[in-house]
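Asker: Position one of the sequence shown corresponds to residue 3 (the working numbering), numbered consecutively onward.
Check before you lean on any hint, since a few could be wrong.
[Unchecked claim] Below, in silico cross-link-like pairs of lysine-lysine (PhoX-like), each with a Cα-Cα straight-line distance of 25 Å or less:
id, residue 1, residue 2
1, K317, K358
2, K300, K256
3, K317, K256
Simulated from the structure, these hints should not be mistaken for laboratory data.
From a predicted model like this one, the values you see are computed outputs, not experimental measurements.
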Amino acid sequence: MPGLIDAHWHAMFAALPVQDLLAGDTGYVHLAAGAESERTLMRGFTTVRDLGGPVFALKQAIDSGMLPGPRIFPSGAMITASGGHGDLRALSDLPRFKGGALSNVEQTGGAAIVDSPDEVRLRVREQLLQGASQIKIVGGGGVSSPRSPIDLTTLSESELRAAVEVATDWNTFVTVHAYTPRTIQRAIAAGVRCVEHAHLMDDATAELMASRGIWLSIQPFLTDEDSVPLTGPSRVAQIQVFAGTDSAYKLAIKHGLKTAFGSDMLFSEAMAARQGIMLTHLTKWYSNSEILKMVTSKNAELLELSGPRNPYPGKLGILEDGALADLLVVDGNPLEDIELLADPERALVIIMKDGKIYKDTLSA
């Protein structure tokens, strides 16, 4: 079968605790990301769409053969507003005066904090200059940023539109972090082509997405087993997301939304290892055949929105002449037993990426 594609991944943030990411040595963070990238590939994920983080050097190292890992479609720093999801500044860093020093999360490339259309244009262009294949912009609050409640809408339509205009000039697209109807609808009005999360969307919003051909990139978060432990306001938001997951998938199916699978694992090596388990959660709404198509050829369709910014010209997610040679040999039939992909160490006997074999237990 084709290699798996994760449409919502954070290569730099998947395996390390948030405290290490915020206060740890930058070199250590990058080395840890390299180690996690090999583990990602060994789970059968030969391609990931990275939606926030300084992954350009990691991508270069993987592409050059310096270390094993998946293909990376990078976004670079997520574009967020002051007080938005991803603004992890200490309160002691405030206020920041115009032209003032960048915070640690900005200096390391985790996020770019913007508060006007002009600032949006600058930061989006910087990501594209570094090689971003698409732009990730944060339209509202989130779960893991405790001072950015999930109900917030944090960017104006003019700010969102500025990002879309620059991405369009570069012949690529913007995907938006958004949970609520207001945030999603504002982003659609500004011209985004994909929505990340959307667990709290309503019927009218799903209908709007369908009418505009907007992609939904959603993660099947169901229980505490699917996320790191959180407290306070983040815990409240986490419970809201768990509660909204089933409704969001049902709305996606009802309205025929173009839907991508992503895992969005964060801040824990043990959680990152559940990447394949997250995929099997989709059996709550889809057949095994539908799931396998989603995590291969359908996710590949989403990646194609990057147009000429696609760093890997060629077909992904499909086995045919001329397609990129990313494939898995499974000990069993995932069409009959999708749970095989939850145990990649045992079930995946061959893992190939770009024609190179990275795992082969048949020849051992």
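Asker: Between K317 and K256, is the straight-line Cα distance small enough, at 25 Å or below?
Answerer: Answer violated: K317 to K256 is near 29 Å, above 25 Å.
Asker: Going straight from one Cα to the other, do K317 and K358 come out at no more than 25 Å?
Answerer: holds (17 Å)
Asker: What's the verdict on K300 and K256, does the C-alpha distance respect the 25 Å limit or exceed it?
Answerer: Holds, at about 18 Å.
Hint 3 from the earlier list is the only one contradicted by this structure; the remaining hints agree with it.
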